[in-house]
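Read top to bottom, the protein sequences are chains A and B.
Taken in order, the first sequence gives residues 1 to 375; the numbers are from the numbering used here.
Taken in order, the second sequence gives residues 1 to 276; the numbers are from the numbering used here.
I should point out that these hints are in silico values taken from the structure, not numbers from a laboratory.
Warning: the hint list may mix true and false statements.
What the hints assert, rightly or not - Here's a subset of chain B near chain A, in silico, CB distances under 10 Å, partners left out:
#1 A32
#2 L36
#3 I38
#4 V40
#5 R176
#6 L177
#7 Q179
#8 Y185
#9 E188
Source: prediction; values computed, not measured.
A virtual CB, placed ideally from N, CA and C, is assigned to each residue, including glycine.
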Amino acid sequence: MANSKVSQDTGDLVLNRVSKFYGDFCAVDDLSLTVPDGSFFALLGPSGCGKTTTLRMIAGLEEPSQGTIQIGDNDITTQKPYRRNVNTVFQNYALFPHLTIFENIAFGLRRRGIKDVKTEVENALNLVELGHLAERKPGQLSGGQQQRIAVARAIVNRPEVLLLDEPLGALDLKLRRQMQIELKRIQMEVGITFIHVTHDQEEAMTMADTIAVMNQGKIEQMGSATELYEAPKTAFVANFLGQCNLIKAKVQSRAGGKAVVTAKGHTFEVPLSRVSTDSDSVLLGVRPEKLRLDDRGVNSIKDCVVTDRSFVGTSTQYLVRTPWDLELVVFEQNDEGLHDLHVGDKVSLEWDAEHTFALDGAQDINAGADLEDEE
Amino acid sequence: MTTLSAPPMPTLGHRASRWVSRNLIRIYAGLAFIYLFIPVAYTFAFSFNDAGKSNLVWQGFTLDNWKNPCGAPQVCHAVSNSIQIGVLSTLIATVLGTMIAFALGRHKFRGRTTTNLLIFLPMATPEVVLGASLLAMFLNLRVNPGFWTIVISHVMFCISFVVVTVKARIASLDPRLEQAAMDLYANERDTFRYVTLPLVMPGIAGAALLAFSLSFDDFIITNFNSGIESTFPKFVYVSAARGIPAQANVIGSAMFFIALFIVIIGQVVSRQRKKS
C-alpha cells in the first residue's frame, strides 16, 4: 500500500549522541536512546527539558545539530518529514479545519497515492469508535473527539513509529484517564512503536512500558515505572516521580551487602544494591508510604512531632518534623492499624532497609520537586 | 432641596433624559448610518429622475433610465473599460501580491524589513503624485497612455493592498497545520496546494475584491494615465461639466446593489457552513 518514496524500515528507533542547539541554548544535550520496536515509550520531564525537541527531531520537523537518528539500519537524520515512516499526534491535534474528518484521516493515504482509501479510513474511524462523525468538520467536534481523530489520522498510515506530543494535555481529568486506557488499547492492537511525550508522571507511569525521565536536555534515568519509582538513581527522578523524602547523610561502612550511614546522630542501613554512588556523602531516600509511625525498625527516628495532617480518602498524609527540623512526608493507609495522630503529637518513624535508597549527595536535594504541574 | 427618605417623582424632563441616556448608542448609530447612506440614497433616487439634460433637479419619476442604462452616449463603453481594467489589474495584482505576501510572511531574507516598508509606500503617497510620476515615466519611455497604461498603474497601487491583506491571513495561520501535512507525507508542493492555499484563500479572495473595487473606483491616477481612453469615474467627471446623465446614477446604484448582494451571499454561506 505504500509509496516507494516513503522509507519502509522496521526495527528499533535509535538516537545516537543527538544534540540540538538554538544559538547558545542547548535544548537536547548529547542524547542517546534506543526505543525497542513495538514498545510504548514515554519521554517524561518538566516543560523545557527538551522532550518535545527530541520528538520533533524524530518527526523530521527539526534537524539535529549533532548526532544521528536511525530506524533499524536506515539513517533518517536528515530525511524530510514526508519521507519518514513516522507520524505525529500534535499537541493541539492540528486537524485541517477546511477538510472533513474523513478527508483529514485520508490525507496521508492520498498523499502516498493510495486510490481506495474508504476501507482504511473507516477502519481507523472504527478503531477510535467515531465512525458516525466522518462527514463533520473538526470545528464541530469536542476536544476528546478531536484527539481521537488525530490519533486515527496518524495510525491509518501504519507508521513504524507514532509520536504523541502531550496528546492529552488539553483534556479534562476524567477524559484523560479514559484516553490513557484507550491509547494503551490501540497500541496493543496495532503493535506500532509509540513514543509519548508528557510532563504528567502519572500518565507516563500508567501507559508506558519504558519511561525516560528527561531534565535539561539529558536523560536522567530510564526504566519501567516500578524501577524509576522504587529505585531512582537521581534526586530529580526521586522528586519528580511521586513524592520522596531525602535526608542528607554520610556513609560509615560498606560491608556484607549493606551500607551503614549516619545523619544527625542516627544510624540507618541501606542494601548496597540500592546505593547508586561511590561517594560517602549521600542523600538517603525513602517514599512516604514506606514510612511507618513506629520505632521498632532498623531505620528509625525517634522524638519527631506531627506538624500537619490531611485526610485524603485512601490514606492520611502527615508532615512530621524530625529533631533536626527536617520535614518528612508520611502516608498511612486508612485500614485497621490507623494511628489517628494530631498536630503536635510526639511520634517515631521507622522503615525497612530494603525500602531505602542512597543517591549521590552532591545533588540539589530539591531537584525536580514541584515541577510536574508547571504547564 | 430633596429629602433622603422619599425619592422625588420623575419629571418629564427626567424621563426624557433617562430615555436618551439608555438609547444613546442606538441614536448615535442611527445618525451615523443616515450620514453614511444619504449620498447613496440620493444617487439611487435620482436614478429614477426624468432628467433630460441635467440631473440636478427632480423632474418626475421614470423607469426609462433603468430600462436603458446605455442610453447616454459613451457611458457603457466607459463601464466596460472599467470592468476590463478592474478584472485584469485584480488578477495580476492578486497573483503578484499573494506571492510577495508569502515571501514576506514565511521567509527570512536580507532586506525583508525594507521590503515591508517599501510595500507600504504606495499607500502613503498622495495619488496625484503617483499619477503624475507614472505619466512622466510613460512619456519618457515613449509609451502612449491608454488602456494598458491604466492597467499597469492600477496593478501598481493594488499590489500593496493585496500584500497587506494576504499577509494578515498568513500570519494568523497555525504553522502546525503545515507541519502536520508534511508529517502526513505531503511534500512542499502538496502541503501548499492542499493545506496552505485553501486556508489562505479567504484572505486572497478578500484582497481580490478590495483590489477590484479600488481599481474600478480610481479616478486620479487613471485620469493622468488614460490618454483618450475612458473609464466610468472619468466619464462621470467629464460629464459633470455638462450635467451628469441619470444613467450614471443607474450604474452607480447597480454597482452598490451588486456589492451588497455579494456581501449578503457571503454572510449567508459562512453562517450556513458554521451551522451544518
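Violated hints, by number in ascending order, as checked against the structure | 1, 2, 3, 4
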